Structures are given as C-alpha cells and as structure tokens.
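Keeping their order, the protein sequence lines are chains A and B. Taken in order, the first sequence gives residues 0 to 296; the numbers are from numbering that gives the first Met the number 0. Taken in order, the second sequence gives residues 0 to 310; the numbers are from numbering that gives the first Met the number 0.
One should not assume that every hint holds.
Computed list of chain B residues with no C-beta within reach of chain A, every gap over 10 angstroms [to be verified]:
1. 13
2. 28
3. 29
4. 46
5. 49
6. 51
7. 85
8. 94
9. 98
10. 107
11. 215
12. 231
13. 247
14. 285
15. 288
Only pairs whose alpha carbons sit at most 30 angstroms apart, straight line, appear in this in silico DSS-like list of lysine-lysine [said to hold, decoys possible]:
16. A/30 - A/16
17. A/30 - B/122
18. A/28 - B/186
19. B/99 - B/210
20. A/13 - A/193
21. A/28 - A/16
22. B/170 - B/122
23. B/123 - B/2
24. A/28 - B/224
25. A/13 - A/30
26. B/186 - A/30
27. B/170 - A/28
28. B/224 - A/30
29. B/186 - B/224
30. B/224 - B/99
31. A/198 - A/28
32. A/30 - A/20
33. A/28 - A/193
The set of hints was computed from the structure by calculation and includes no laboratory data. For clarity, every value in this text was computed on a predicted model and none was experimentally measured. Each residue gets a CB set at the ideal place from its N, CA and C atoms; glycine is no exception.
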Amino acid sequence: MDSKTATVSVDIKKARKRRSKEIIRRFRKNKLAMVGLVIITIMILMAVFADVIADYEEGAIRQHSDQRLLSPSWEHPFGTDTYGRDQLARVVHGARVSLSLGVFTTVISLGLGGLLGAMCGYYGGVFDEIVMRLMDILLSIPTLLMAIAIVSALGPTVMNLLIAITISQIPVFTRVVRSSVLSVVGEDYIEAAKIGGSKDLHIILHDVLPNAIGPIIVQGTMSIAAMILLAAGLSFIGLGVQPPQPEWGNMLNQARDNMMTHPYLVIIPGICIAISAFSINLVGDGLRDALDPKLKN
Amino acid sequence: MLKYILRRLLLLIPILLGVILLIMFIMDLTPGDPATLLLGINATPEAIEELNDELGFNDPLLVQYADYIIGALHGDLGTSWQTSRPVFGEIMSRFPVTLKLAVFSIIVTAIIGIPLGIISAIKKYSVLDMVCTSVAMIFTSLPRFWLGMMLILLFSVQLGWLPTNGVGTWKHYILPVFTLAAPTAAKIMRLTRTTMLETIRSDYVRTARSKGAGENRIIVHHELKNAILPVVTSLGIEFGQLLGGAILIETVFSMQGISTLMITAIRMKDTPLVTGSIVFFATMVCITMLIIDLLYTAIDPRLRTKYTKAK
C-alpha cells in the first residue's frame, strides 16, 4: 500500500468515527429512546442475574401444594401460581428464555436473510429473481401460521421454536437488506472499488454494508420486539416453550384457568412482554431518527 | 388494464403451487408413520402397510404433491383423520367466523387508523399528536392475546357488559374485533402520519398553497390522494396478518373459527386438516394481495400506464 491510499483509508476511518459519534449524540438527545434503553437494560440485567434473584429449581420449578394461588405479599411479591410456585421466580427466569429467543432469532435470521439479500442486491440477475420469488412464497404465508406449521411438524421444543421463528423472519431481512444494498450499489465508490480490483465479498462487507446499514439496524431492533411477541404467542397456544420451563407466553396460558379469580397471574407476565417490546421499539425509533435525521418528522 | 389483471392472475399460480409444496414438505417432516398413528400401535405391520398404500404415503413426495394439487383444484383437500369428513367442508363450516373477525377488524383499523394519522400529521407536535403517537406506540408493543385477556377481565368480569366467549350475537364480536384491530390500527396510524408528513413537504403541495387553494382542498385533493397509496398496500398486507393473527384471538375468546379448528387438529396430529387449513389461509392471503394490487393500480394512474407499457 503506498502512502497516498494509506492516508485515504485513515481519512475514511476518521470520517466514520466522526459519523458514529454524531449518531450517538443524536440518540442520547432523544429522551424517549433513552428511557427505552434504560428499561430494556433493566430487563436484561434481570434475566442475567435471575439466579441471584431466585433459585431456578426451588423457586420456579418445584411445586408447593400448600402455597397454591397466594395473592401478592412480602414473601411472594408477584404471588404464587396454581402449582404453588413463586411467580417472581418464574418471571425472572422466564425473561431469560423470552428475551434470548427474541435476540437469537433476530441475529440468526438477520445473518442468513442479510447474506441472501446482500447477494441479491449486489449480483442481481437470475439469482436475484429466483431468490426473490422464493421469498414471495414464504411471505404469502402469515408469520404466525408459518411458525405454527414448522413447530407442529417438528414438535414443540425451544430449539424448534427458534428454527420456526428464524425461518419465518428470513424473508423480511432478505428484502430489507436487498433494498438497502440496491440503494448504494450504483454509487461511484462501489464502481471504484470494483475497478480497483477488490474481491466481491470484500466490497460487500467493506463498502456496501457500512453504507447501507442504517435501515438494517432499525429493522433488526424492531424485529427483536416482534419476535418476543411471536415466541410468546406460540408458547401461549402450546406450541412453544413447554411447561414446567417458565416462559412469559406459557405462563399466561397456564394462568388462563384462574384469570377471573387471580388476575395478577395474567397481568404480570403480560406486562413483562409488553414493557420489553415497548422499550425495544422506543430504542428502534430513536435509532431510526439518529441514523437518518432526514426521516425525522 | 385487462392484460395486467391476467398477468397478475397467472403470477398467482406459481406462488400458490410453491406455498402448497412448501407446506407439504414441512408437514412431511412430522415424525412417525401416519398409518401407525391412525391404527394405533397394536396394528399388524400388514395392516399398516396396506393403509399407507391406500392413503398414498408410500408414493414419492412429488406424486403425493401432484395428487394433492389435482384434488385441491376440485375443492378436495383430503379427509380428516379424526372425523373422517372432508377437510374442505370442515374448513368452510368454520370460515365465516374467521372471515367476519378479519373483515370487521380491517374496517375498524381503517376507520380509526387513517383519520387519526391524518389529524396527527396536520396538527404535528400538538397535544393530540403526542397522545396519538404514544398510544399507538404502546398498542404496537402489546401482545394481542394478552390485550384480549385484559379486555375480558375489564369488560366481562369487572363491568359485566360483554360476553367472554362464543359467537352467538354481535356483542360477542366487539371485544375480539377490537383486540385484533387495535395493534393494526396503531400501525396504520403511524404509517398514515409518516406518508402525510412526506406529502405535506412536497413541492406540489407548496404550489397548490401558493395558488391560493383552500386548506381543506389541499388536504383532500393534494395530500391525502398521494399519501393514501402506501396505506392501502399496507392494509392489504395487514389483512393477511389479521387472518393469521386471528389464531390467538380465537383461542382467547374460545371462538369456533378455522384457527381453533387448526390448533385442535395439531394436537390430534390430524395432518390433512392441518395442511388443509394452512393451505386455505395462504390462498386467502394470496388472493387478498392480488385484489390489493389491482386496487392499487386502479387508484394510481401512474402505475397503470407503467404496467401497460412495460412488457
């Protein structure tokens, strides 16, 4: 590398650093987004330190026939369920499953769908045509239905739930990434990189994606919230995480029979789902405004 | 225009075939042998083999697939293993409930979502706008099935105004329809607001205003006319999602729709009924998308010329 290109690449690095600083500054100015970030951080900490808050085996799994359906008290702040299990313990351990399902499914489907979408946008032609028609087929089945089909065929386990949600989400990311890539692929600097003899993969990773990443990050964040809702919905109809393992969706399902007499059993897990999704959406909205001030209304 | 409609209809065929193939492939992954499931574990191997032959499970998947397509074209989606009645008949007997739920919900969505989005955009940053956008944000984050449970607790248990489950009278539909529509209405409201704000800033609106056109005329003729297009497409997509989303709502309100039929079928491992319901749902969604696409070209003259010219 001669000295001239070296200076150019240093300049690019500097410019990128300045840009990300600017984005962080704009994000921090957005009060709602910061509130969202704080709430979701608390939820994540709750999931991480679940074992400190309550013992998994003793609190969340073991049944105590003498402590059934106790209303919230000092000893059991969230009450106990129909099997005498402490609901606080089940909520914090359920957070682990629910939140990580949201994150993992998004990361995996973003990786796979993103790769497909980037290739479609970059190469175009027959490959693009075939992949996009396949995605059309996947998209014409409603997400929940697709996930139900896969889980009902493979059997209801956490792993299969993860696979089902991931597959149903891949077409969404393929589309988002493809259109983001298409928006930069005709630019001069991409042509310059091609002429400069860079390898395709290098161009996609170093030139195309960094410039097209904004909408992808926003969609990814919002997707975590949507996936938490989807996973909870599937567990609610008995096609997701199986009891006795606690998860917010299946807790709601188990509490249904007693919801008229013990409403706290359905209110608390539901609020956990709603707060997680809400705060993640706030962060997503904030990121969108921070990444592209033009879009801000 | 007619040419375009025909072309869109033809495009529907490979997508539907793909959907059926995909669903059959997924359902084929179900572990266990169908005949063993039907006859019980005590059946003789000969009987199992015979039934497998009879039901066509020994044929290669592609042959089964072709048989299924030919059947489906005649309105035959196979026979339920549980009730031994035709799957198509079972689905059609449940369809009205699900369809009503989805249609009422999309109407409520449009009636609430679009006007609120317009008002929010026109009165940007007013108190009303702030309230609308925050409430919309909350509703998009609520799990639908949980919202349903909360509404039951409030309106049926606490206040005793509305029935908790069943489909007897119109009153039975109020809570499920609202539950199903609320998150979608929130989404549509946000979208309408965004597209309206985009058109408000556009040059042709400025031109109209400088020409001295009345404010209401600008809103209806210049802004809304352009802003409504993406909203219409989105309503179509959402209708498909509502049909799917009805699955959880029917469970919460114990309504006898296709979704509850399908979930029972999954529990009973009644594969033809599961496959049939999913294929039926997907077909409905495809047809909705087609109708929306055609509607879209009908409202937007720019698209019409584009499609008639593009060969």
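Hints and how they fare:
1. 13: 7 angstroms, violated
2. 28: 5 angstroms, violated
3. 29: 5 angstroms, violated
4. 46: 25 angstroms, holds
5. 49: Answer for residue 49 of chain B: holds, closest chain A Cβ roughly 25 angstroms.
6. 51: The assertion about residue 51 of chain B holds, with a minimum of 18 angstroms to chain A.
7. 85: 21 angstroms, holds
8. 94: Holds, because the least Cβ-Cβ distance between residue 94 of chain B and chain A comes to about 15 angstroms, which exceeds 10 angstroms.
9. 98: Non-interface label stands for residue 98 of chain B: nearest chain A Cβ at 15 angstroms, farther than 10 angstroms.
10. 107: 19 angstroms, holds
11. 215: Holds, because the least Cβ-Cβ distance between residue 215 of chain B and chain A comes to about 22 angstroms, which exceeds 10 angstroms.
12. 231: 18 angstroms, holds
13. 247: 5 angstroms, violated
14. 285: 5 angstroms, violated
15. 288: About 7 angstroms separates residue 288 of chain B from the closest Cβ of chain A, which leaves it inside 10 angstroms; violated.
16. A/30 - A/16: Holds - the C-alpha atoms of residue 16 of chain A and residue 30 of chain A are around 23 angstroms apart, at most 30 angstroms.
17. A/30 - B/122: Answer holds: residue 30 of chain A to residue 122 of chain B is near 22 angstroms, not above 30 angstroms.
18. A/28 - B/186: 25 angstroms, holds
19. B/99 - B/210: 46 angstroms, violated
20. A/13 - A/193: 23 angstroms, holds
21. A/28 - A/16: 19 angstroms, holds
22. B/170 - B/122: 35 angstroms, violated
23. B/123 - B/2: 43 angstroms, violated
24. A/28 - B/224: Cα-Cα ~35 angstroms, so violated.
25. A/13 - A/30: 28 angstroms, holds
26. B/186 - A/30: 22 angstroms, holds
27. B/170 - A/28: 47 angstroms, violated
28. B/224 - A/30: 34 angstroms, violated
29. B/186 - B/224: It holds: about 19 angstroms lies between the C-alpha atoms, which stays within 30 angstroms.
30. B/224 - B/99: 29 angstroms, holds
31. A/198 - A/28: 40 angstroms, violated
32. A/30 - A/20: Measuring from Cα to Cα gives roughly 18 angstroms; hence the hint holds.
33. A/28 - A/193: Distance ~39 angstroms between residue 28 of chain A and residue 193 of chain A Cα, so the pair is violated.
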